[in-house]
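Residues per chain are reported as follows:
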Amino acid sequence: VRPSRHGSAVIEFPSDLEIVTTREFGAPIELVFDVLTKPEHVVNWGATGGDKMTVCTIDLRVGGDYHMVFVTPDGTECSFRGTYLEIEPPARIVDTWLFEGWPDAWAVETVDLQETDGVTRLTNKLAFRDQAGRDHMTRFDGQQDSYDMMEDLLRSLVDPAL
Amino acid sequence: VEPARLRPLHDWLGKYKLAVNDRLDRLDDYLQELQQQGEQL
Chain A
1 VRPSRHGSAV
11 IEFPSDLEIV
21 TTREFGAPIE
31 LVFDVLTKPE
41 HVVNWGATGG
51 DKMTVCTIDL
61 RVGGDYHMVF
71 VTPDGTECSF
81 RGTYLEIEPP
91 ARIVDTWLFE
101 GWPDAWAVET
111 VDLQETDGVT
121 RLTNKLAFRD
131 QAGRDHMTRF
141 DGQQDSYDMM
151 EDLLRSLVDP
161 AL
Chain B
163 VEPARLRPLH
173 DWLGKYKLAV
183 NDRLDRLDDY
193 LQELQQQGEQ
203 L
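Taken in sequence, the protein lines are chains A and B. Residue numbers are given in the numbering used here: position 97 of the first sequence equals residue 97, and the series is strictly consecutive. In the numbering used here, each residue's number is its place in the second sequence (first place is 1) plus 162.
Chain B on its own, in the form it takes in the complex:
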């Protein structure tokens, strides 16, 4: 396998991981925000 041919797959996986992490990080932040609001009430 020529390493250059794997480059697009490597790039795609990188973008996929970034997108998934971005979405789950937003979920995490929102959960923390809700809990902090609950603690303040």
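Pulled out of the complex, with its shape left as it was, chain A reads as follows:
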């Protein structure tokens, strides 16, 4: 029986502009890389909480684009897109990350994979361009609209490539 790792993601905020998430998976690095980067796999796990993934395109090459669209149960559409900056199969992916509802929340996402004894450790770093970008992710101003937007995003976080 494999141990359950549910709920084991570690989320850190090392600076005002960064969010780093780490998580281990009981699978070889090549399989994890494939499942992160092939649309036929991403559609099977990428949507959460009752959402439906309606678009998943991935052009996995430097300069290639990805685009993912989720629809929440109440019909709200959430769209993410970006461009690949570095690809080093099966260990590293660097891309731009843009949630289309928040055009100034632009970030560079770095995904690093490392396998030890059949367990692959994933590290995902979102580095926002400026404080305004990460403020979208962390601000709390008491405005219900902000929470509603945040909840829309949270339903589809963190990033399609995770």
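None of these hints come from the bench; they were simulated from the model. Ideal placement from N, C-alpha and C gives every residue a C-beta, glycine not left out. Please note that a few of the clues may not be correct.
Said to hold, decoys possible - Chain A is faced by these chain B residues, among others (derived, beta-carbon under 7 angstroms):
#, residue
1, D184
2, R185
3, L186
4, D187
Based on these hints, arrange chain B on the given structure of chain A.
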């Protein structure tokens, strides 16, 4: 700092962690499913 003012941040972090864990747990389950299918072939 008034503790009450931190409540929204605490709530937001809780939701953020739940969302991230939900997504990664689904990825984990899918990886296990693929490996089990591979073992059965």
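Hints, verified against the model:
no.: 1; hint: D184; in the structure: holds, 5 angstroms
no.: 2; hint: R185; in the structure: holds, 5 angstroms
no.: 3; hint: L186; in the structure: holds, 5 angstroms
no.: 4; hint: D187; in the structure: holds, 5 angstroms
The earlier numbered hints are all upheld by this structure, with none contradicted.
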